[in-house]
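Enquirer: Work out the full structure, taking the sequences as your base and the hints as a guide.
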Amino acid sequence: MKYKNLFTPVKIGSVVIKNRFAMAPMGPLGLADAQGGFNQRGIDYYTERAKGGTGLIITGVTFSDCKVETQSMPNCPNSTYNPVHFIRTAREMTERVHAYESKIFLMMSAGFGRVTIPTNLGEFPPVAPSAIPHRWLDKICRPLTVEEIHSIVKSFGDGAYNAKRAGFDGVEIHAVHEGYLLDQFAISMFNQRTDEYGGSLENRLRFAREVVEEIKSRCGQDFPVALRFSVKSMIKDWREGALPGEEFEEKGRDIEEGLQAAKLLVEYGYDALDTDVGTYDAWWWNHPPMYQKKGLYRPYCKMVKEVVDVPVLCAGRMDDPDMALEALENGECDIISLGRPLLADPDYVNKLRAGRRGCIRPCISCQEGCMGRVQEYSMINCAVNPQAARERDMAYEPILRKKKVLIVGGGVAGCEAARVLAIRGHEPSLYEKGSRLGGNLIPGGAPDFKEDDLALADWYAKTLKELRVPVYLNHEVTKEEILEGDYDAVILATGSTPKRFSLGDDAHVYTASQVLLGEADCGTDTVIIGGGLVGCETALWLREQGKNVTIVEALDKILAVNGPLCHANKDMLERLVPYKGIQVTTGARVKEYQNGILKADTAEGEKEIPCDSVILAVGYKEENSLYHELEFDVPELYLLGDAKKVSNIMYGIWDAFEVANHI
1 MKYKNLFTPV KIGSVVIKNR FAMAPMGPLG LADAQGGFNQ RGIDYYTERA KGGTGLIITG
61 VTFSDCKVET QSMPNCPNST YNPVHFIRTA REMTERVHAY ESKIFLMMSA GFGRVTIPTN
121 LGEFPPVAPS AIPHRWLDKI CRPLTVEEIH SIVKSFGDGA YNAKRAGFDG VEIHAVHEGY
181 LLDQFAISMF NQRTDEYGGS LENRLRFARE VVEEIKSRCG QDFPVALRFS VKSMIKDWRE
241 GALPGEEFEE KGRDIEEGLQ AAKLLVEYGY DALDTDVGTY DAWWWNHPPM YQKKGLYRPY
301 CKMVKEVVDV PVLCAGRMDD PDMALEALEN GECDIISLGR PLLADPDYVN KLRAGRRGCI
361 RPCISCQEGC MGRVQEYSMI NCAVNPQAAR ERDMAYEPIL RKKKVLIVGG GVAGCEAARV
421 LAIRGHEPSL YEKGSRLGGN LIPGGAPDFK EDDLALADWY AKTLKELRVP VYLNHEVTKE
481 EILEGDYDAV ILATGSTPKR FSLGDDAHVY TASQVLLGEA DCGTDTVIIG GGLVGCETAL
541 WLREQGKNVT IVEALDKILA VNGPLCHANK DMLERLVPYK GIQVTTGARV KEYQNGILKA
601 DTAEGEKEIP CDSVILAVGY KEENSLYHEL EFDVPELYLL GDAKKVSNIM YGIWDAFEVA
661 NHI
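Numbering (the UniProt record's numbering) for the sequence shown: 1 to 663.
Be a bit skeptical, because a hint or two may be false.
Label-pair ranges, simulated between beta-carbon atoms [to be verified]:
#: 1; residue 1: Pro610; residue 2: Asp448; range: 20 to 30 Å
#: 2; residue 1: Pro470; residue 2: Gln40; range: 32 to 42 Å
#: 3; residue 1: Ala603; residue 2: Asp521; range: 27 to 37 Å
#: 4; residue 1: Phe632; residue 2: Arg356; range: 36 to 46 Å
#: 5; residue 1: Ala603; residue 2: Glu256; range: 41 to 51 Å
#: 6; residue 1: Val307; residue 2: Ser151; range: 24 to 34 Å
#: 7; residue 1: Phe248; residue 2: Asp448; range: 17 to 27 Å
#: 8; residue 1: Ser151; residue 2: Thr194; range: 13 to 23 Å
#: 9; residue 1: Trp238; residue 2: Glu147; range: 24 to 34 Å
Calculated pairs, DSBU-like style, for lysine-lysine (alpha carbon to alpha carbon, straight line, at most 30 Å) [stated by the list, open to error]:
#: 10; residue 1: Lys465; residue 2: Lys4
#: 11; residue 1: Lys11; residue 2: Lys351
#: 12; residue 1: Lys557; residue 2: Lys499
#: 13; residue 1: Lys18; residue 2: Lys216
#: 14; residue 1: Lys51; residue 2: Lys18
#: 15; residue 1: Lys263; residue 2: Lys216
#: 16; residue 1: Lys251; residue 2: Lys302
#: 17; residue 1: Lys591; residue 2: Lys499
#: 18; residue 1: Lys351; residue 2: Lys462
#: 19; residue 1: Lys607; residue 2: Lys591
Calculated from the structure, these hints are not laboratory results.
Heads up, the beta-carbon is just placed ideally off N, CA and C, and yes, glycines get one too.
Expert: Below is the structure:
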């Protein structure tokens, strides 16, 4: 077996893990109950990933402190808020996880400090090591007292003891990582204290040292304590992060200090380092969008592994099994940590072990269903997997009578509907007027950084073939065909078309879709009208090909109407546009394009931009004409995807799942 080495056991402290895969910790919003325990959704969510073969489950962040940074309930689980209740609910989860020979660690947080989510603060000032600016708010943080630090340390001991009683195999500490509270103490930029918790690196790591020592004293030296650890901060300045390849002066923790810290932390008693880079000031490093390369933490993990003698975990877009195997065999890490890929497909590990790599549903790094929802205070989910964190509520419904269902349109909505109907036992058939399934995934996946969009389209094609769903390509269905067919239900997922308007020289005006699909040559110098997601990504792709690109946007800034985008995606793309040399004109109203000159009205007056072509990226309009033709002639008729309302991939898939699961 090619991937056999990924299925060898490994130890963290005294605990043996059956393979080299861990579930990376991710924010568990929506998975706690009002008493700080795990609710049924949380129990099912983690159990499903153990059932899928993952060797080590690491929960999302939980708390033990109830005094310094008080949390409203329900928010995240808290191991000391109601200890008996926490142990009872957590034990149900750990027992179910252990049934699949998986191990489970509880992630325990010291707090968020200057990066605390604003709604959690109310009128209370955020805390930090020193009086420093808050990450999101125009507030100055209140320095923690020594007594408060001691209180948090003691709560770690209490919480870890409760975790051990609940059946957890170990804990992971959150975190000398990403700029959370422990990390704020460790980074001199944030820590301006003059007491025993400030100054030297050893003093700045004292808080983290006391945490592991307290846990070991309460739970025993053989109880594993891992640490989430960022070896480098990537901070240019307050609220300003560095881009990949950018030369800058590190204001946070640099590599040299990071490796020194790694050695000290292991010396203090930590049994594993779950390693990455970044902070909230450079969020696109800790939560990498598709604009970051896959395996971006590998070189940093290798540096850490060379200086410590405990296991190193490596996350960061590690969903490619070949890359994971290479990282392991090259000595870059000991464990592959999968976060979003296990949201997309909880059976990732079992499918890989069974030689069914092509059946793994890909994560597309959109972060719309996971981090994008967490930042908006919704529960964690997944754009491409509607059942993620809703395994029981969104289980496949049994059918009472098999139905023959026609699906028109092979974009994500049509494909998802066909998939769900077939799994449930209905008889769907799918017609697509194009030559390939995927809809807007196809032009959207043209840039190399969007390769997973094409992988998702291919996954749907393979899945429908395995489910024996009849798929008819290059076939545009008519009203007459539908009415003549013997269908119990009809789903129309006919998608959307790019909006167009005339500027004069229309022979050299194209849609972004035409350019992305290679149907039009935009020349060397081009102007993109529209600074939304499609416009900016198209500009980035063309710039990488050496084109000279200008974005003209009617609003006052780019990426103003595509929402909600995950902060990490939006912030990185906003900064990549100027960094890559793409010109931007905002607050502009386009007038005409004639003789190679685009004219636009701006606040400074009329602007003329010479260009070989103009690319329209001004949105899409619903293609629902067939629905209106059939609206009163087909008793059971559904409209899905962009044909219903132009939206994003997530809602196209989610709506299709909901409807198809209840036909």
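Enquirer: If you draw a straight line from the CA of Lys465 to the CA of Lys4, is it 30 Å or shorter?
Expert: Holds, at about 28 Å.
Enquirer: Is 27 to 37 Å respected by the C-beta to C-beta distance linking Ala603 and Asp521?
Expert: Because 33 Å falls inside the window, the suggested range holds.
Enquirer: Assess, step by step, whether the Cα of Lys591 is no farther than 30 Å from the Cα of Lys499, and give holds or violated.
Expert: It holds: about 17 Å lies between the C-alpha atoms, which stays within 30 Å.
Enquirer: Can you confirm whether the C-alpha distance between Lys351 and Lys462 stays at or below 30 Å?
Expert: holds (14 Å)
Enquirer: When you take the CB atoms of Trp238 and Glu147, is the distance between them in 24 to 34 Å?
Expert: holds (28 Å)
Enquirer: How does the Cβ-Cβ distance of Phe632 and Arg356 compare with 36 to 46 Å: does it lie in that range?
Expert: Since Phe632 and Arg356 have Cβ atoms about 45 Å apart, the given range 36 to 46 Å holds.
Enquirer: Given the hint of 41 to 51 Å, check if Ala603 and Glu256 actually sit that far apart at their C-beta atoms.
Expert: Roughly 47 Å apart at Cβ, these two residues keep to the hinted range, so it holds.
Enquirer: In this structure, is the beta-carbon distance linking Val307 and Ser151 contained in 24 to 34 Å?
Expert: Once the Cβ atoms are compared, 33 Å apart, the range 24 to 34 Å for Ser151 and Val307 holds.
Enquirer: Take a quick look at whether Lys607 and Lys591 sit within 30 Å of each other, Cα to Cα.
Expert: holds (10 Å)
Enquirer: May I ask you to test the hint 20 to 30 Å on the CB atoms belonging to Pro610 and Asp448?
Expert: With a Cβ separation near 28 Å, Pro610 and Asp448 satisfy 20 to 30 Å, so the hint holds.
Enquirer: Holds or violated: Lys11 with Lys351, Cα cutoff 30 Å?
Expert: Since the Cα atoms of Lys11 and Lys351 sit roughly 23 Å apart, the hinted pair holds (cutoff 30 Å).
Enquirer: Is the hinted range of 32 to 42 Å satisfied by the C-beta distance from Pro470 to Gln40?
Expert: holds (38 Å)
In the structure shown, no violation is registered for any of the earlier numbered hints.
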